[in-house]
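Respectively, the protein sequence lines represent chains S and V. Counting from 1, position 5 in the first sequence corresponds to residue 5 in our numbering; the numbering is continuous, with no gaps. All you need for our numbering is the position in the second sequence, starting with 1, plus 107.
Treat the hints with care, as some may be off.
Residues of chain V clear of chain S, computed beta-carbon distances all greater than 10 Å [stated by the list, open to error]:
#1 Ser114
#2 Lys119
#3 Tyr134
#4 Val222
Simulated coverage check for chain S against chain V, where a stretch passes if three residues somewhere in it have a Cβ under 8 Å from a Cβ of chain V [stated by the list, open to error]:
#5 49-60
#6 91-98
In case anyone wonders, no lab produced these hints; they're calculated from the structure. Backbone N, C-alpha and C define an ideal beta-carbon position, used for all residues, glycine too.
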Amino acid sequence: DIQMTQSPSSLSASVGDRVTITCRASQNINSYLNWYQQKPGKAPKLLIYAASSLQSAVPSRFSGSGSGTDFTLTISSLQPEDFATYYCQQSFSTPYTFGQGTKLEIK
Amino acid sequence: QVQLVQSGAEVKKPGASVKVSCKASGYTFTSYSIHWVRQAPGQRLECMGWINAGNGNTKYSQQIQGRVTITRDTSASTAYMDLSSLRSEDTAVYYCARAGSSYDYFDYWGQGTLVTVSS
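Whenever a hint applies, use it, and build me the whole structure from the sequences.
The structure is reproduced here in structure tokens:
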């Protein structure tokens, strides 16, 4: 199975900050990398697919980049509703695997 | 609008089985696959397997293969996940999710079903 590793595991930031989360795959996954946001007690929500494509209705302050094994999710200016846990997922080969998550907390 | 609505919470004893349903609406059920993902308390999301809702083909995670069966009823636009020989480590929230693009990302998710395994 492909291992996905995110960093950091947790992050404290303030409203208005620019935040970057990284995700590394254990092997080349081309651009088969997706990002999800999960709030407590809720299902994950798709933010970014194919490494850099913004899902419909997701604010443009979210962006993704990378290919191969190294990827990033950037939030350009944090809003109060962005405090959540973020997961990367590879959909290159089954079983599709997720990172361990990055919990974004208010500073 | 696209919706996936799952069945309600379950409490089971070790060794029992559980069947969770996922009813789809707002799109052509047979044009997409349905994946099942679980999340144990404090753990990362784990893909269990998936079904091509059109032809019924399935694939399961090796970690759970042999205990999980995914089926679908096209007339009811519903997918099912059956997990047998339950153990305490199977206590988790179980989600169904739709995938269908060439990149197979999960664009719609069910609300989740909590399965608690306890004696």
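Right, here's what the structure says about each hint:
1. Ser114: 15 Å, holds
2. Lys119: 21 Å, holds
3. Tyr134: About 14 Å separates Tyr134(V) from the closest Cβ of chain S, which puts it past 10 Å; holds.
4. Val222: 15 Å, holds
5. 49-60: The restraint on the region 49-60 of chain S holds, since 3 of its residues have a Cβ under 8 Å from chain V and three suffice.
6. 91-98: Answer holds; 6 residues pass the 8 Å Cβ test.
When held up to the earlier numbered hints, the structure conflicts with none and fits them all.
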